[in-house]
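Participant: Mind docking chain B on chain A? Use the hints.
Protein sequence lines, in the order shown, are assigned to chains A and B.
Under our numbering, the residues of the first sequence are numbered 1 to 585, in order.
Under our numbering, the residues of the second sequence are numbered 1 to 585, in order.
Hint data in this document are derived by calculation from the structure and do not stem from the laboratory.
Don't take each hint at face value.
Straight-line alpha carbon distances no greater than 30 Å define the calculated BS3-like cross-link-like pairs of lysine-lysine that follow [unchecked claim]:
1. Lys-517(B) - Lys-102(A)
2. Lys-121(B) - Lys-517(A)
3. Lys-342(B) - Lys-299(B)
4. Lys-346(B) - Lys-383(B)
5. Lys-121(A) - Lys-299(B)
6. Lys-121(A) - Lys-89(A)
7. Lys-102(B) - Lys-517(A)
8. Lys-314(B) - Lys-299(B)
9. Lys-342(B) - Lys-314(B)
10. Lys-407(B) - Lys-314(B)
11. Lys-365(B) - Lys-407(B)
Sample of chain A residues with no beta-carbon within 10 Å of chain B, all distances over it, derived [what the hints assert, rightly or not]:
12. Ala-58
13. Glu-83
14. Thr-228
15. Glu-290
16. Phe-303
17. Phe-412
18. His-444
Cβ coordinates follow ideal geometry from the N, Cα and C atoms, glycine included.
The lines below spell out each chain.
Number of protein chains: 2
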Amino acid sequence: MRTHYCGLVDETLIGQTVTLAGWTDVARNLGGVCFIDLRDHEGIVQVTVEPDNAEAFAVAASLGYEDVIQVEGVVRARHAVNEKIRTGKVEVIASRITVLNKAAPLPFHAHENPGEDIRLKYRYLDLRRPEMQRMQRTRIRLVQALRRWLDARGFQDIETPILTKATPEGARDFLVPARMHPGEFYALPQSPQLFKQILMIAGFDRYYQVARCFRDEALRADRQLEFTQLDMEFAFVRERDVQDTVEAMIRDVFREVIGVELADPFPRMTWAEAMRRYGSDKPDLRNPLELVDVAELVKDCGFAVFSGAANDPKGRVVALRIPGGASLSRKQIDEYAAHAAKFGAKGLAYARIDGNGAVNSPIAKFFAEDAFAALLAHVGADKGDIVFFGAGPYNRTSEFMGAVRLKAGRDFGLVEEGWRPLWVTDFPMFEWDEEEQRYVALHHPFTAPAVDDIEQLRADPASAVSRGYDMVLNGNEIGGGSIRIHRPEMQSAVFELLGIGAEEAQAKFGFLLDALKYGAPPHGGIAFGIDRIAALMAGTDSIRDVIPFPKTTTAQCLMTGAPSPVPDEQLAEVHVRVREESLQK
Amino acid sequence: MRTHYCGLVDETLIGQTVTLAGWTDVARNLGGVCFIDLRDHEGIVQVTVEPDNAEAFAVAASLGYEDVIQVEGVVRARHAVNEKIRTGKVEVIASRITVLNKAAPLPFHAHENPGEDIRLKYRYLDLRRPEMQRMQRTRIRLVQALRRWLDARGFQDIETPILTKATPEGARDFLVPARMHPGEFYALPQSPQLFKQILMIAGFDRYYQVARCFRDEALRADRQLEFTQLDMEFAFVRERDVQDTVEAMIRDVFREVIGVELADPFPRMTWAEAMRRYGSDKPDLRNPLELVDVAELVKDCGFAVFSGAANDPKGRVVALRIPGGASLSRKQIDEYAAHAAKFGAKGLAYARIDGNGAVNSPIAKFFAEDAFAALLAHVGADKGDIVFFGAGPYNRTSEFMGAVRLKAGRDFGLVEEGWRPLWVTDFPMFEWDEEEQRYVALHHPFTAPAVDDIEQLRADPASAVSRGYDMVLNGNEIGGGSIRIHRPEMQSAVFELLGIGAEEAQAKFGFLLDALKYGAPPHGGIAFGIDRIAALMAGTDSIRDVIPFPKTTTAQCLMTGAPSPVPDEQLAEVHVRVREESLQK
Numbered sequence: 001m002r003t004h005y006c007g008l009v010d011e012t013l014i015g016q017t018v019t020l021a022g023w024t025d026v027a028r029n030l031g032g033v034c035f036i037d038l039r040d041h042e043g044i045v046q047v048t049v050e051p052d053n054a055e056a057f058a059v060a061a062s063l064g065y066e067d068v069i070q071v072e073g074v075v076r077a078r079h080a081v082n083e084k085i086r087t088g089k090v091e092v093i094a095s096r097i098t099v100l101n102k103a104a105p106l107p108f109h110a111h112e113n114p115g116e117d118i119r120l121k122y123r124y125l126d127l128r129r130p131e132m133q134r135m136q137r138t139r140i141r142l143v144q145a146l147r148r149w150l151d152a153r154g155f156q157d158i159e160t161p162i163l164t165k166a167t168p169e170g171a172r173d174f175l176v177p178a179r180m181h182p183g184e185f186y187a188l189p190q191s192p193q194l195f196k197q198i199l200m201i202a203g204f205d206r207y208y209q210v211a212r213c214f215r216d217e218a219l220r221a222d223r224q225l226e227f228t229q230l231d232m233e234f235a236f237v238r239e240r241d242v243q244d245t246v247e248a249m250i251r252d253v254f255r256e257v258i259g260v261e262l263a264d265p266f267p268r269m270t271w272a273e274a275m276r277r278y279g280s281d282k283p284d285l286r287n288p289l290e291l292v293d294v295a296e297l298v299k300d301c302g303f304a305v306f307s308g309a310a311n312d313p314k315g316r317v318v319a320l321r322i323p324g325g326a327s328l329s330r331k332q333i334d335e336y337a338a339h340a341a342k343f344g345a346k347g348l349a350y351a352r353i354d355g356n357g358a359v360n361s362p363i364a365k366f367f368a369e370d371a372f373a374a375l376l377a378h379v380g381a382d383k384g385d386i387v388f389f390g391a392g393p394y395n396r397t398s399e400f401m402g403a404v405r406l407k408a409g410r411d412f413g414l415v416e417e418g419w420r421p422l423w424v425t426d427f428p429m430f431e432w433d434e435e436e437q438r439y440v441a442l443h444h445p446f447t448a449p450a451v452d453d454i455e456q457l458r459a460d461p462a463s464a465v466s467r468g469y470d471m472v473l474n475g476n477e478i479g480g481g482s483i484r485i486h487r488p489e490m491q492s493a494v495f496e497l498l499g500i501g502a503e504e505a506q507a508k509f510g511f512l513l514d515a516l517k518y519g520a521p522p523h524g525g526i527a528f529g530i531d532r533i534a535a536l537m538a539g540t541d542s543i544r545d546v547i548p549f550p551k552t553t554t555a556q557c558l559m560t561g562a563p564s565p566v567p568d569e570q571l572a573e574v575h576v577r578v579r580e581e582s583l584q585k
Numbered sequence: 001m002r003t004h005y006c007g008l009v010d011e012t013l014i015g016q017t018v019t020l021a022g023w024t025d026v027a028r029n030l031g032g033v034c035f036i037d038l039r040d041h042e043g044i045v046q047v048t049v050e051p052d053n054a055e056a057f058a059v060a061a062s063l064g065y066e067d068v069i070q071v072e073g074v075v076r077a078r079h080a081v082n083e084k085i086r087t088g089k090v091e092v093i094a095s096r097i098t099v100l101n102k103a104a105p106l107p108f109h110a111h112e113n114p115g116e117d118i119r120l121k122y123r124y125l126d127l128r129r130p131e132m133q134r135m136q137r138t139r140i141r142l143v144q145a146l147r148r149w150l151d152a153r154g155f156q157d158i159e160t161p162i163l164t165k166a167t168p169e170g171a172r173d174f175l176v177p178a179r180m181h182p183g184e185f186y187a188l189p190q191s192p193q194l195f196k197q198i199l200m201i202a203g204f205d206r207y208y209q210v211a212r213c214f215r216d217e218a219l220r221a222d223r224q225l226e227f228t229q230l231d232m233e234f235a236f237v238r239e240r241d242v243q244d245t246v247e248a249m250i251r252d253v254f255r256e257v258i259g260v261e262l263a264d265p266f267p268r269m270t271w272a273e274a275m276r277r278y279g280s281d282k283p284d285l286r287n288p289l290e291l292v293d294v295a296e297l298v299k300d301c302g303f304a305v306f307s308g309a310a311n312d313p314k315g316r317v318v319a320l321r322i323p324g325g326a327s328l329s330r331k332q333i334d335e336y337a338a339h340a341a342k343f344g345a346k347g348l349a350y351a352r353i354d355g356n357g358a359v360n361s362p363i364a365k366f367f368a369e370d371a372f373a374a375l376l377a378h379v380g381a382d383k384g385d386i387v388f389f390g391a392g393p394y395n396r397t398s399e400f401m402g403a404v405r406l407k408a409g410r411d412f413g414l415v416e417e418g419w420r421p422l423w424v425t426d427f428p429m430f431e432w433d434e435e436e437q438r439y440v441a442l443h444h445p446f447t448a449p450a451v452d453d454i455e456q457l458r459a460d461p462a463s464a465v466s467r468g469y470d471m472v473l474n475g476n477e478i479g480g481g482s483i484r485i486h487r488p489e490m491q492s493a494v495f496e497l498l499g500i501g502a503e504e505a506q507a508k509f510g511f512l513l514d515a516l517k518y519g520a521p522p523h524g525g526i527a528f529g530i531d532r533i534a535a536l537m538a539g540t541d542s543i544r545d546v547i548p549f550p551k552t553t554t555a556q557c558l559m560t561g562a563p564s565p566v567p568d569e570q571l572a573e574v575h576v577r578v579r580e581e582s583l584q585k
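Looking at chain A on its own, in the form it has when it is part of the complex (with noise of 0.2 Å):
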């Protein structure tokens, strides 16, 4: 149907004649001629159609947006150079028009943002355009870099189910009910984490999929009810076997897709010195600030909040300086104490230091002059700042003053350009859970710990460190992973102190505990998020512009309806039927 793609006419092609086929981009009637942006994926040619041409002509002076066509012409050089679009030197002298489908006046037009919703609505119109045209290729590009990358390395592409068993990893299975087998549900997986283990065991050595993984929770802005993720599993290594590996893979491809050099190696922190310095186990490392402990300083200080959480062994009392945020508005400084309180905190302390060096802090009156200026000096208060003070439990205490560090690093345009991945390694085995009054996984139940020993792992589970590790690039994880489990009275002894009693171990992952028992390899591995490292590529905050086809944060697709209502019988089928008292809600 066509010769050559529009936006690939060039000069080479002057004199030949080409057929085109694609969008009416615009029509114009100039003075008698009429002009005709034609584009495809490639891009947008001029096609000009001149009235003497008449049949044409009448075609071209009918033309509405978006009408599909195929031209054929003359390339012809171009009087009028445009420098903006790769075919500007040139345009098309139709000879004939075919027009293969009209299309009806449209919802909204490529130079118009109607709002996500009608965007969602009409995908396919919103795809058009080139913006999102670059985003999605971005991604095409990302997760073809990563293949090759893989492909060429003798890692295996290994497809495991969708339509599994519940493996509650955390969060909430899609359950899907089996016709075959009244009664029971299949679940959809939240990753093929046991498959790949199992696919270890089964002797496969080097496994990577691109998988789609589903987690019904609730959704917030970089969240979906799927996701993508590029999946890894390595037979017979250690941590740096992997680590090494995949920071190869992340370096060579930031350099193919988007022309990034990344650091060579990646810094390397420890779970424990993130929280420390940056109040996160993700540290965006563009941001300068930084956190600075204080509980030294103010243990014997009159203010309870501060001394308490200076004596208390599991406590916390630290400071952030921002320079220059003296500045800030009393209800400024409630927006920080705001955003500190949606992250846990009880209250943010701050001292501000005007232009003159006068002290202006609450909380100054709890202690000895001298004491409060050795403070401000230990966190390198000067001029023109403000130092936030936060204290509570230790971890509580480090993710809200994490957050104001997050916050005013946007705030006072202090995160540097560029990109900053960097290791964190050392992660706590476990975490107390408050609510269950139990343990937690603070990667999941297969994460091998750090000391071989099960009986020093049940003695101290709360100090155990696993052998889990995050990729982090400017405060985002993009890969998690870690040395799993590989002998079978390890994984029953973490389920143990997990609350995972004996039976429901054996009910739920008793395949994997068999599978560990005949012949397992040491293996670890990682997953990456496919969804945001294309969203940090191509420099959107949202991974709804790089997944073709999203979801709302209400779990909707806007184009198709989905979900929608189904009939009875066809629930019947199934063998369930819709809760009555859902319905009344």
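Facilitator: For chain B alone, kept in the frame of chain A given last:
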């Protein structure tokens, strides 16, 4: 953990110290020396442990099947070369052996076949067998080769949703209750059909995806609940653009993956010819037998079944000559009749011609002697042959005679070696469904008819030909596709002819009808069955051999135990309950 792979240790390493890791395929004490066959994914190498290395010898002597070990040692030339394995010219003299993980006594051994259920339950053990590794690798290489081919030609690998809307295309949908929308359901896609069409409308030009598809159908030997297809779509194309491209792709990939040279070009056959000559829309051309129409010769015979069908314009009377078939016993002939009956035959007439030319046929009596001789002569029947006859409605008769043809080909060893691809084209647009008393789409409702004119299509739907095409290989439909409808009026007309009212069409496919309105390019595509192609390449009849974790014909995963019951609280969260009446059955 290792310096080399076991299966790759060769003469170039003689004298070097290597570290290997893998599974104990077998360990034997022969004359006071221990020999370990150490296995990894690359193969087996012999590790020799001499008694003077007391520590290593003690470990070696304790090894059981499938124990995972690490071996350090020096590569040495072997006295007794083993030509059967790649590493057969060398052995590794162990200096140190470390047990990485003991294996419990195995439920079965590699050389046993404990039955498919046990193999599936312990899939990780089954997959360790070299034959299974080989078949999985064939699949991996197939997909890799396809991707590389497509990537090199500018096809874009684009993901479409798994959680989507019920879009009935003939089969039953899997349903997923939507937690955030009580009483509503997502459906798993039967194929990405509508999404890929939408992608063309969105301007993506050349799409592919290795896509997981889901059909909740009764499982036959060659079906799975979920299966994988190479899904492709092209904008601005006609049939030959698609066919020529993918034919070249399949040819290149067969050459690359299994070194087979397929015909160039593939033979082409209309659906009508395929039914006429082979009684199948996916003829196995390796089978030389062909059907012969004999209606003209039986119109006036006394056998009403024949003469009735011969005089019915929708009927067919057809003969199949099987050289050497006179050797069939009465019992064997009955088996042929029973086989034909499975495909709808009411009876299967025959004529046996013995070595002396004597004819034995229950239907001979309905013919004048010379008329019957003329009939046999027409089909080329000779001494020692049998001729089967079928009569009845055209399609049904063709199909059961096609089934007889396939059985005869197998039974008489007539099927030639090799690879016989072809294109089948010009399918009927619609099939009349007697049960539902309406037309159904032979491909799917989005397939374009050969005529552009809606009135012409409406005038005689029964004889309308579609723009669908199938790629057939050795009797398997390995790919199916079509040029799609790109004009909304035609799509509405086809829905109407299929008995899908305007309201239903809008509810189910409104987004497609909308999208067609806003500038849809002419487009078409195809989808290939990856599981089937991989099975053909791997030389196995069962697609389960090339799926890492297949389900049984009763839709279960014997390894994980999916599907399984789910606590009622979990069902309550997604607003469904199990029907009591289903459980009571």
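Participant: Taking the hints in turn, state whether each one holds.
Facilitator: Structure-based check of all given hints:
The straight-line distance between the Cα atoms of Lys-517(B) and Lys-102(A) is roughly 7 Å, inside the 30 Å bound, and the hint therefore holds. Our distance criterion of 30 Å between C-alpha atoms is met by Lys-121(B) and Lys-517(A), whose separation comes to about 14 Å. Note on Lys-342(B) and Lys-299(B): the hinted pairing holds, with a Cα-Cα distance of about 27 Å set against a maximum of 30 Å. Of the pairs offered as hints, the one joining Lys-346(B) and Lys-383(B) holds, with about 28 Å between alpha carbons and a cut-off of 30 Å not exceeded.
Distance hint between Lys-121(A) and Lys-299(B) is unfulfilled; the C-alpha atoms sit about 61 Å from each other, more than 30 Å. A distance of roughly 37 Å separates the Cα atoms of Lys-121(A) and Lys-89(A); the hinted pair therefore is violated under the 30 Å criterion. Of the supplied pair hints, the one linking Lys-102(B) and Lys-517(A) holds, its CA atoms being roughly 7 Å apart against a limit of 30 Å. Distance check on the hinted pair: Lys-314(B) and Lys-299(B) sit about 14 Å apart at the alpha-carbon level, within 30 Å; holds.
Our distance criterion of 30 Å between C-alpha atoms is met by Lys-342(B) and Lys-314(B), whose separation comes to about 21 Å. Using a Cα cut-off of 30 Å, the hinted pair Lys-407(B) and Lys-314(B) holds, with the two alpha carbons roughly 26 Å apart. Between Lys-365(B) and Lys-407(B) the alpha-carbon distance is near 27 Å, which keeps this suggested pair within the 30 Å criterion. With a least CB separation of 20 Å from chain B, Ala-58(A) remains clear of the 10 Å interface cut-off, as annotated.
Listed as a non-interface residue, Glu-83(A) keeps its Cβ farther than 10 Å from every Cβ of chain B; the least gap is roughly 24 Å. Not every CB of chain B lies more than 10 Å from the CB of Thr-228(A), the least distance being 6 Å, so the non-interface label is violated. Interface exclusion of Glu-290(A) from chain B stands, the closest Cβ pair being 38 Å apart, more than 10 Å. No beta-carbon of chain B comes within 10 Å of the beta-carbon of Phe-303(A); the shortest separation is about 44 Å.
Separation of Phe-412(A) from chain B is adequate, the least Cβ-Cβ distance of about 38 Å exceeding the 10 Å criterion. Under the 10 Å C-beta cut-off, the non-interface status given to His-444(A) relative to chain B holds; the minimum distance is some 17 Å.
In summary, the numbered hints that this structure violates are 5, 6 and 14.
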